[in-house]
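Listed in order, the protein sequences are those of chains A and B. The numbering used here applies: residue 57 is where the first sequence begins, and numbers increase by one. The numbering used here applies: residue 57 is where the second sequence begins, and numbers increase by one.
Keep in mind the hints are simulated off the structure, nothing from the lab. Any given hint could turn out to be false.
No distinction is drawn between identical chains; accordingly, a pair holds when it is met within one copy or between any pair of copies.
As the list claims (entries may be wrong) - List of simulated lysine-lysine pairs, BS3-like, C-alpha gap at most 25 angstroms:
1. 97 <-> 139
2. 243 <-> 232
3. 187 <-> 232
4. 139 <-> 184
5. 194 <-> 232
6. 243 <-> 97
7. 97 <-> 66
8. 97 <-> 107
9. 66 <-> 107
10. 243 <-> 66
11. 66 <-> 184
12. 194 <-> 66
13. 187 <-> 107
14. 194 <-> 74
15. 194 <-> 243
16. 187 <-> 74
17. 107 <-> 232
18. 243 <-> 107
19. 187 <-> 66
20. 194 <-> 97
21. 194 <-> 107
22. 194 <-> 139
Keep in mind the model is a prediction, meaning the values are calculated, not measured.
There are 2 protein chains.
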Amino acid sequence: MPGDADATRKRLLDAAMKEFGAYGIAGARVDRIAAEAASNKAQIYHYFGSKDRLFDAVFNQLVVRTMAETPIDATDLPEYAGKLFDGFEQYPEVQRLATWYRLERAGSDEPLELIMQSNAHKVEAIAKAQKDGLIPAKYEPIVLLALVLQLSALWTGLTPEYAMLVSRTSAAERRKVVTDAVAALLKD
Amino acid sequence: MPGDADATRKRLLDAAMKEFGAYGIAGARVDRIAAEAASNKAQIYHYFGSKDRLFDAVFNQLVVRTMAETPIDATDLPEYAGKLFDGFEQYPEVQRLATWYRLERAGSDEPLELIMQSNAHKVEAIAKAQKDGLIPAKYEPIVLLALVLQLSALWTGLTPEYAMLVSRTSAAERRKVVTDAVAALLKD
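Work out the full structure: start from the sequences and follow the hints.
Below is the structure:
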């Protein structure tokens with residue numbers, strides 16, 4: 057039944073997200089994912105082809121969700137950074153997966169099409185806002201986007217030692233640091 | 057002979073830095089490190105005790121080097137960020153190791169003493185410069201330090217897809233983005 061197949065696929069993706077988030081691509085174990093999803097390795101290979109393609113499926117799903125829930129507003133980049141921050145707070149695994157991806161796929165010559173498209177769309181939105189004089193043009197669009205993304209991820213990139221020092225800060229305070237910092241970049 | 061022991065230890069640390077940088081803590085293989093260092097697994101356990109403690113030794117060595125080569129100047133944080141950027145350009149493995157550390161030791165209750173000391177020292181330097189009125193006090197010292205570190209690492213945190221888009225930027229241009237962004241944060 058197609059319903060069963062969809063349910064199995066979803067359970068596998070959910071289990072894979074946990075496993076990849078905890079152990080990365082190389083460290084993830086397909087048999088643990090299968091067990092967690094009450095499935096088996098054969099089904100994983102049937103649905104996804106390989107561990108790497110399963111990771112891509114999880115990662116694409118996350119990017120799609122993030123894109124859908126956080127559309128860019130180039131005329132209000134501080135709030136865009138704040139919304140990205142909210143997403144990282146709500147789904148901590150997103151940043152962990154993105155970081156594993158970066159470490160383990162560094163130098164890869166197989167970029168994910170969806171990410172290329174997502175980046176291109178955001179860069180265009182920023183370029184248009186700059187052209188329309190709505191935001192300063194002192195940074196190249198791609199560079200400004202990199203700054204906004206990096207600042208929005210400020211609190212997810214902390215070492216354990218650092219996290220201990222800032223753990224007393226509230227989510228609202230952390231969010232304000234992010235939005236203030238992006239606003240400061242945009243001042244002339 | 058002590059000279060031989062020192063040379064072996066150094067070769068093991070160098071080989072371990074490469075291996076951990078490429079594969080992380082879980083993914084690193086002690087036998088590859090031993091082979092690369094023309095040594096053997098018994099010597100690794102003799103000198104370092106375990107794979108985890110070998111990682112700590114590599115990581116401590118890097119932090120010591122970074123601290124020694126990049127002392128903080130709290131009255132010129134843009135240039136401090138620029139010097140951190142220079143370090144990341146010169147030793148790309150530093151950021152990779154720091155990122156593996158963060159991912160694989162997240163939630164660890166065994167913080168590295170040296171990092172705690174290094175952070176505390178930097179926070180004190182920033183607090184003093186703020187107290188002396190040399191830099192704005194709008195961010196808490198620990199938060200300002202986090203912002204400076206995050207911005208200095210702007211270019212090391214890119215996904216492969218993103219890196220493709222910015223690969224045409226020169227090192228001098230990338231450095232200027234970092235120092236300009238930190239300067240913008242410090243404006244009133």
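### Task
Could you check the structure against the hints above and give me the numbers of any it violates, in ascending order?
1, 6, 10, 11, 12, 13, 14, 16, 17, 18, 19, 20, 21
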